[in-house]
Structures are given as structure tokens and as C-alpha cells.
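Could you put the whole structure together from the sequences, leaning on the hints where they help?
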Amino acid sequence: GEEVAQTPKHLVRGEGQKAKLYCAPIKGHSYVFWYQQVLKNEFKFLISFQNENVFDETGMPKERFSAKCLPNSPCSLEIQATKLEDSAVYFCASSLHLKRGQETQYFGPGTRLLVL
Amino acid sequence: AQSVAQPEDQVNVAEGNPLTVKCTYSVSGNPYLFWYVQYPNRGLQFLLKYITGDNLVKGSYGFEAEFNKSQTSFHLKKPSALVSDSALYFCAVRDYSGAGSYQLTFGKGTKLSVIP
Numbered sequence: 001g002e003e004v005a006q007t008p009k010h011l012v013r014g015e016g017q018k019a020k021l022y023c024a025p026i027k028g029h030s031y032v033f034w035y036q037q038v039l040k041n042e043f044k045f046l047i048s049f050q051n052e053n054v055f056d057e058t059g060m061p062k063e064r065f066s067a068k069c070l071p072n073s074p075c076s077l078e079i080q081a082t083k084l085e086d087s088a089v090y091f092c093a094s095s096l097h098l099k100r101g102q103e104t105q106y107f108g109p110g111t112r113l114l115v116l
Numbered sequence: 001a002q003s004v005a006q007p008e009d010q011v012n013v014a015e016g017n018p019l020t021v022k023c024t025y026s027v028s029g030n031p032y033l034f035w036y037v038q039y040p041n042r043g044l045q046f047l048l049k050y051i052t053g054d055n056l057v058k059g060s061y062g063f064e065a066e067f068n069k070s071q072t073s074f075h076l077k078k079p080s081a082l083v084s085d086s087a088l089y090f091c092a093v094r095d096y097s098g099a100g101s102y103q104l105t106f107g108k109g110t111k112l113s114v115i116p
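As they're listed, the protein sequences go chains A and B.
When you line the first sequence up against my numbering, it's residues 1 to 116, in that order.
When you line the second sequence up against my numbering, it's residues 1 to 116, in that order.
If you are wondering where the hints come from, they were derived from the structure by calculation, not from laboratory data.
Nothing here was measured: the structure is a model prediction, and the numbers come from that model.
The reader is advised that the hints may include incorrect statements.
[What the hints assert, rightly or not] With the Cβ distance kept under 7 Å, some of the chain A side facing chain B (calculated, not the full set):
#1 Tyr22
#2 Ala24
#3 Asn41
#4 Phe43
#5 Lys44
#6 Phe65
#7 Leu98
#8 Thr104
#9 Gly108
#10 Gly110
Each residue gets a CB set at the ideal place from its N, CA and C atoms; glycine is no exception.
Right, dumping it as C-alpha cells:
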């Protein structure tokens, strides 16, 4: 598609439950990025993919967070055993490439996760 | 490490007046600079970017931004503000070389309110 799609729009989980978020990048884009927007609008980078390969996972809390981008499937971000502090808006972005002229990241509408 | 500062949490401007939203950055190499806008409960929309070339870049909805290397700034401007411009604006930077990562680093956002 022409836009980054994210589902669901809203997700409510009890503390300790699992949460799974999905992202369909723009068709033809090779790179996918996940960001977390927390209180006071701060963005935190989580992970990026080059096609189905992890490109950079330096922002991922590895104990509970995992992500995948499989061929012919939406990318996913999964949080095992959610905690209250995981409450945030999770944005997915995609870019055609990383090199000049193709580097713009286009963002989806986000998934708002509320952990109670 | 790369960083972005948006010194104003909020900017108020009267409709029809020029507006400026400030941004300064820090990167180890040459910067790729971006402005995004976020409307309430919506995702980030790309406005414009500076990659190379002319220091004055023009983007969507009549916005423009001026890259100033000596002052490490990339201020967003519009000659005549509209009420519909009221939103949250984010400046973001990426190191051209990708040193360390190709992720975007965002400022904390500036809330723009255009008063009728």
C-alpha cells in the first residue's frame, strides 16, 4: 500500500499479559523501524529491519520485547509479560532505503498500548 | 551520539502572522534533518527534509526550513500561519554516514497554537 498500516489502533492489557502489534510497511520499502512514544512525547528507537533481517536492535529491551518481519506477512512487535511502563504509543515507520534520496521514514498511525 | 533540541515546549502565534519553530541538532558527521507534524491521536506526517544542497528547503502545506550549519540549526518557518497548523511539531536528525545507527533521533516536540 501507499501508507504504513498499523493494527490494532488501541490495545489494553493487564499487567503480565502479552501484547502483539502489527505493521505493514509501504509496498517496496526495504526498511522498517519501530519507535516507542512515551509520556511527554519522547520517542525511543526500538529496532529496525532490512527486509526480514534485524538491522539494528540496540533499543530493544531484550528480556520482554521481540520483533519479526517475515516475508509476505506484516511485521510484528511482541511484548511478553507487559508492565505498566510499557504503556505508550508504538509507531512503525518504513523507508525505501537508507541512502540519500530514499531515506525518508514514513510513519504509521501508531498503536496505543495501555497496560493496567 | 546524535541529539536534537527544541527549546520551546509551546509556540503561540496569531493567525496570519509568520511562525517559527526552533530546532538545533548535534551529530558527529553531516546531518540529515527532518520535520514531522503530529495531529491529536494521529501518526507523524512528514513535512520536509534537508539532505544536501540549498539551505532553504520547502515542504508540505507552505512550510519551509532553513539549514544553518554554523549554528547547527534547522528552524521551521511559515510566512502566514493558519489555525489548521495547530499541532505538535517534531524535529529529527540522522547522521549522514549512519555512524552508530540509521535511526532518527527526535526532539521533544513543540506544540504550535495558532490563535484565530
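Okay, the hints, checked on the actual structure:
1. Tyr22: 15 Å, violated
2. Ala24: 13 Å, violated
3. Asn41: Holds - the Cβ of A:Asn41 comes within 7 Å of chain B, reaching about 4 Å at its closest.
4. Phe43: Nearest chain B Cβ about 4 Å off; hint holds.
5. Lys44: With Cβ-Cβ at 9 Å, over 7 Å, it is violated.
6. Phe65: 16 Å, violated
7. Leu98: 5 Å, holds
8. Thr104: 6 Å, holds
9. Gly108: Cβ of A:Gly108 sits 5 Å from chain B, so the hint holds.
10. Gly110: 5 Å, holds
Checked against the numbered hints listed earlier, the structure breaks hints 1, 2, 5 and 6; every other hint is satisfied.
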